[in-house]
Structures are given as structure tokens and as C-alpha cells.
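Respectively, the protein sequence lines represent chains A and B. Heads up: the first sequence begins at 1 in the numbering used here, then just goes up one per residue. Heads up: the second sequence begins at 1 in the numbering used here, then just goes up one per residue.
To be clear, the hints were calculated from the coordinates, so they are not data collected in a lab. Honestly, I wouldn't trust all of these hints.
Heads up, simulated BS3-like pairs for lysine-lysine below, C-alpha to C-alpha not over 25 Å straight-line [claimed, not checked]:
| no. | chain 1 | residue 1 | chain 2 | residue 2 |
| --- | --- | --- | --- | --- |
| 1 | B | Lys216 | B | Lys301 |
| 2 | B | Lys346 | A | Lys127 |
| 3 | A | Lys127 | B | Lys459 |
| 4 | A | Lys180 | B | Lys406 |
| 5 | B | Lys346 | A | Lys180 |
| 6 | A | Lys127 | B | Lys509 |
| 7 | B | Lys164 | B | Lys146 |
Far from chain B, by Cβ distances over 10 Å, these chain A residues were calculated [said to hold, decoys possible]:
| no. | residue |
| --- | --- |
| 8 | Tyr40 |
| 9 | Asp42 |
| 10 | Arg46 |
| 11 | Glu47 |
| 12 | His64 |
| 13 | His100 |
| 14 | Pro106 |
| 15 | Glu118 |
| 16 | Lys134 |
| 17 | Leu136 |
| 18 | Gln142 |
| 19 | Glu183 |
| 20 | Ala185 |
We put the CB at the ideal spot given by N, CA and C, even for glycine.
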Amino acid sequence: MIKASISGTLFGISTKRETGDPWGITLGLEREEMAGAAPYSDERAREIIAAHMGLEGPALPILHALQAEFGHVPESAVKEMAEALNVSRAEMHGVVTFYHDFHREPHGRHTLKICRAESCQSMGAEKLANDFLKKLKLEWGQTTPDGKLTVEAVYCLGLCAHSPSALIDGEPVGCIDMHKLDELAAEARS
Amino acid sequence: MTKIYVPLDMAAVAMGADRLATAIAQEAAARGESVQIIRNGSRGMLWLEPLVEVETSAGRIGYGPVSVKDVKALFDAGFLKGGAHALNIGKVDDHSWMKRQNRITFARCGIIDPLSISEYEAHGGGAGLARALQIGPAATIEEVTKSGLRGRGGAGFPTGIKWKTVADAPADRRYVVVNADEGDSGTFADRMIMEGDPLSLIEGMIICGYAINGSKGYVYLRSEYPQAAKVYQAAIDVARKAGWLGDNVRGSGFKFDIELRIGAGAYVCGEETSLLESLEGKRGIVRAKPPLPAHEGLFGKPTVVNNVLSMATIPMIMEKGAQHYADLGVGRSRGTMPLQIAGNVKYGGLFETDFGIPLGEIINDIAGGTRSGRPVRAVQCGGPLGAYVPVSLFDLPFDYEAFAAKDSLIGHGGLVVFDDTIDMSWMARFGMEFCAIESCGKCTPCRLGSTRGIETIDKIRAGQDVESNIDLLKDLCHTMKFGSLCALGGFAPYPVESALRHFPEDFHKPALEAAAE
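For reference, chain A alone in the conformation it holds in the complex (with noise of 0.2 Å):
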């Protein structure tokens, strides 16, 4: 059995097992499930907010737990931000916009990130990933009109012996193939 239990939170996602896992092996990623994101509310965010201030440099984990909360960082969340870190919302937003992590508006019930960094270049990534696009009939970052899947470019996740490689809803799959992808986004979109 693993020696040590993996639990607390990381990007503000329960990372404790609790069913399906008897023998405790897999200390597995598992899948970032953006359908459990709660509705935003102010208050709520005062919370998120006020747990993290006694860390130095609050900002990244803030936007972090934020993001995780409410699937987006919304333009109100920026703004009690601003006011708990004593910064204008210039200031705050362009903290915000000036990481790809966060966004604006929420993103598709499951996310599918393509890497498109040299290593999987050098297995075909980049046909790959402009035939899937030209299939779902999505852009770089958009969404199914269902609502369901979100397709981003990403560039290197540390996987490039098994070029070319994704991660789906935070869980890696390395050597792609346009079989692999079509069996990924059916079952998002299912």
C-alpha cells in the first residue's frame, strides 16, 4: 500500500480519495470536474478570499481557489479582490488577464488541452490538432455549442516521450492519435 495518504487540496480541488480506490494505490489525477462549479456570490468570494491572506503574495493562490470555485474568475470576484489587496481593479485586472489559467467567462463542462509545443510537433501534432478543430468546428479556446467540451492549446505538459500528448479535465494521455481524441471528446460530450 502507499505509505502516505494524499489528501488536502491543491488548486482548491479535493484531492482525498474516497470510493473506488479500496486498495489506496492510485494516487491518481483525477479528473477536475467542472460541472460541480458553484454559482458565484460575493460572499463566497469574501471567504475564498479571507483564507488566503495570511500567505505572503496572495494573489496566484487566490485567483487559484476562485477558479476552482466558480469554474471563472468573475468580474465582481476581481473586484473584492482589489479591495482585500488594497490594489486598484486596473491593477487587479490585469493580474488576472495576464496569466492563460484564468478566465473570464466559464469554460465548457470538461476541458481538453492539446499540447502544441516543438516535441509533439515532431510527431504530427499540429495536423492533428487543426484536423480535430476543422471537425468539431471550433477555434483555439472555444467551445461545443452543447456546452460540453473546451479545446485549448497548451504548450508542453512534460510528456514529450510520448509526443503527442493532452490532458483531459487534468488527466494526462500521452501518445494521441485522432482515435484517441475522438474517443475523448465523445464521451465529454456524452
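Keeping the supplied structure of chain A fixed, place chain B upon it in accordance with the hints.
Relative to chain A, chain B alone:
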């Protein structure tokens, strides 16, 4: 009870290791076999992942790559006793990939349970810290300096000198910051250490904190590595419980703690000053140097910023002594480099070896050529800011200076192999595009130059005024190289220039052909 190792490494998980671990446990239970499944780090033979190891009287026998559908057959073949099977690779330590290496930084990776302090100590862990606490901060810095260790992040700055600068800077607080924003394509060594031997990084940080008289360490990890985040956070908790972190480190009276911070998808935050801004909760905008982070770093305090590999190597240097490390390598490149072999290769993975090995030997011999079976055309060394090296330069020895002399860099040790189907003008365009996407926007050559670069390469690819546009592109590269504040804009021209220099034919395709693509 038989011990079975199934890696928790993200690459193994990407190839189905979690499902496999469960399947093995279920099958063992159904057969009434008593097994203990240990989730270890990866051995680095990534083409064999998931690589399952079984502990037998003859040593650890490996099977790989194993998928869930192989499990029944493996039990039938008696794999719990190391039985013969098509996937049996024999004793893992005797595998030629392992035997040819000199593992210093990765000595424990894949061998121990990453979250077990007792196994860590049984494999030499903790001895480095014990020695540091015994000889004192000044002698510790002296030892690191003498080892010749240089920053493994890419810039290759001597680690000991950096530590001494921070230790000597007058301040009420000093910080230890580990740069785990390993964004270069083709690199995964930081990730592997954080998943496979996280305690070595913790021990290295404690030693650093002790040497510079700092009490707080941060690890800035990229968000693309969720598994590393989970394992490393678990390791911090284990270390705290065991008294390695906290108010009284190992009973020495020294106070030190570590906090893991997650980045948010900005490549430029791998640049140290941008990383510090991000840690402070700001936009990841590059700072002008001076002042150096060693003088005014995190929150304006003297700060050591080291790469994961540099920091994780410290315990071993302290344990075995500076000379042991300094005796390895060539010229001013001392010690070992964990090479990351990636892209279109037959055998991809982590290969730690002394500096000085020729590039061709790595690609043709160790990596076994391309996965596609086609001839190798180019190798990009050192990530998206590294040069494309043609086969004609394959006798180049792998060390900082030899690569620099050929306008290339070894960077973080990533090697991405391409076969002959690659269009180098497209890769040059992608280099500029990546720079445009990831530029922090502070300085003009990088912010505007990258976009002008894309446009110019598009014109060349379309066959429009090819010669004069190539001249323009070269001029632009020159401006970016010498006019940018940090390495993003300053090095983005390397892949472009190297593509132009070594693969000019790809920039002179007939316009019709280019348009048809």
C-alpha cells in the same frame, strides 16, 4: 508478500499506470496472492512505461510497457517470481540504458517510494543535511562552490557564488526560491524529480536555507504539472511530520519551511525575475537587472533562485563531498547532466551522464534514432529558445561551452528530435509565434519583434521577395537578441537563425508548393 512497483510518474499515468495498478491489485486479490503495490517514480525509460517492477530474490525484474490487458497473462507467467514473458526486460539495473548512466541527481528516482522518509534515508538521504549542519553555513557554501555545480535551469551560473552573494547581502530576511516552471518543450527532469524523489528537493532547499540564513522557501511550479504538485505537497507534509521542516529542523534549532505555489500558464514566469513578480502576486513582467535577485529578490529581500535540478543535486554533493562531483564532466561543465530525450525518438526518457558525451551518440545510439523510422533531420537542444542542430554537427560534445561556441545552448538539457518530414521554415515561424504568445510585453524587441517575425516568415514562405525578407528577418533577429531584456526575446532568435543557417533550402521553396501546404 511480494513488492510490486507501478510508477506514479505523470508519463506513466498518461500511459495508463493508475488503471494498471488497480488491475494488478484486483487480480492479485482474486488469486489470493499477497502483494504490496508501491507507487514509485519513473526509472526514466519512458518508452517502457508503465514499467512494472517485481522484487524477487534475484533483484527487481521489470516488465514493460504493461497495459491492463496484459495483467492476467503476467500472473499466469509467474511474474511475481520474475517469470518469463514477452514484456520481461530482465533486471532493471542491468538494462543497458541504466548501466550506461552515471546517476547523481536521479540516483534514487524510481527506486524508492517517493514519500517514505525511511527509504529516502536508507538510500543516503539526509546525510547531506546532517553534514551541512555539522560544518556550518560558510563551509557549506564553500563546498557547493568547489563542486563546480552550475545552474541547471539553462543559464549555467555557478550555484555556490549565487549562494554566497545572498548570504553576504545585509538583510533581515532571505528567501530560497526554486524555479519549477519547467516550460521548455522536450524537458521533464524537474517534473520527474518532484514526482520520483521529492525529498531530495526538500533537503536541498533546507541546506540552502541554512547556508544563506533564510527561513522560508518557495517552490514555483507550473500548473501544467498537476501530478508533481500532488506528490510534492504530500512530500512537504511528510517532511514536516518527520521534523525536517518547521521550527527545529532535525533538532538543530534551525527554522525552515517550504510552501508550494502554482503558476498559471505563463511561460515567461520561468525567467527568474518574472517568477518573483508572479510569486508576489503581480503580472509576470520581467524586471530589469541590476539589482540582481541575490541582492533584491522576493519582496525586495536577497533571494536564491535555483532550478529544481541544481537544488536536488545539493544533498548528494554535501553527502559525497565537492570533489566527488567536480571530478566528473569536462572543462567548466562539471558533474552530470540529466538529459531528456524526446520528440520523434525510439527510446525517449531521462539519461543522466557526465558532460562531454557527443550529441550524435545520444541521438543515434542511446535514443535509437527516430520512432518514425525515417532519417533524423534536426535536433532542437535546450527548449523553444534553443537552436536546431543539424546532423552534420553531431560530433558536438554536450557541454555548456562547446554548444555556446556553435551558437547553441544546452539549456535545461532537453533534446527534441525531428525526422526528415519537418519543415524548418514552419518551425522557425512557430518559434516566433510562441514568443509572441508568451512575451510579457515589457520590452519592444520581444513584444513587437516576435509578431513582425511571424509576418516576415509568412512572406518568405509565400515566396514574396524571399532574399530581402530573409535579410530583414536576420536583422530583426539581431535586434531581438541584443535589445531584449530577458532570455525570452533574447533567445527566441536562436531557433530561427539556426533554421536559416542550417536548413536554407526550407526557406526557398517555390511559392506554389508553399501555398499548396
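Open item on the list: Would the non-interface assignment of Asp42 (chain A) survive a Cβ cutoff of 10 Å against chain B?
Closed with: Correct as stated: the minimum Cβ-Cβ distance to chain B is 21 Å, above 10 Å.
Open item on the list: Check whether the Cα positions of Lys216 (chain B) and Lys301 (chain B) lie no farther apart than 25 Å.
Closed with: Roughly 12 Å between the alpha carbons, so the hint for Lys216 (chain B) and Lys301 (chain B) holds.
Open item on the list: Can you confirm whether the C-alpha distance between Lys180 (chain A) and Lys406 (chain B) stays at or below 25 Å?
Closed with: violated, 41 Å
Open item on the list: If I take the minimum Cβ distance from Glu118 (chain A) to any residue of chain B, is it greater than 10 Å?
Closed with: violated, 4 Å
TODO: Against chain B, does Gln142 (chain A) hold up as non-interface, every C-beta pair farther apart than 10 Å?
DONE: Holds: least Cβ distance 17 Å, greater than 10 Å.
TODO: Would you assess whether His100 (chain A), listed as outside the interface, keeps its beta-carbon beyond 10 Å of every beta-carbon in chain B?
DONE: violated, 4 Å
Task: Beyond 10 Å from every chain B Cβ - status for Glu47 (chain A) - done: For Glu47 (chain A), whose nearest Cβ neighbour in chain B is about 19 Å away, the distance exceeds 10 Å, so it holds.
TODO: Compare the distance between the alpha carbons of Lys127 (chain A) and Lys459 (chain B) with 25 Å, and conclude whether the hinted pair is satisfied.
DONE: Given pair Lys127 (chain A), Lys459 (chain B) holds - Cα atoms ~21 Å apart, limit 25 Å.
Task: Given hint Lys146 (chain B) paired with Lys164 (chain B) - CA-CA distance at most 25 Å - done: Answer holds: Lys164 (chain B) to Lys146 (chain B) is near 12 Å, not above 25 Å.
Task: Nearest-CB test (10 Å) between chain B and Lys134 (chain A) - done: holds, 16 Å
Open item on the list: For a C-alpha distance cap of 25 Å, please report whether Lys346 (chain B) and Lys180 (chain A) respect it.
Closed with: Given pair Lys346 (chain B), Lys180 (chain A) holds - Cα atoms ~21 Å apart, limit 25 Å.
TODO: Test the statement that Glu183 (chain A) is away from the interface with chain B: the closest C-beta pair must be farther apart than 10 Å.
DONE: holds, 14 Å
The structure does not agree with the numbered hints 4, 12, 13, 15 stated previously, though it agrees with the rest.
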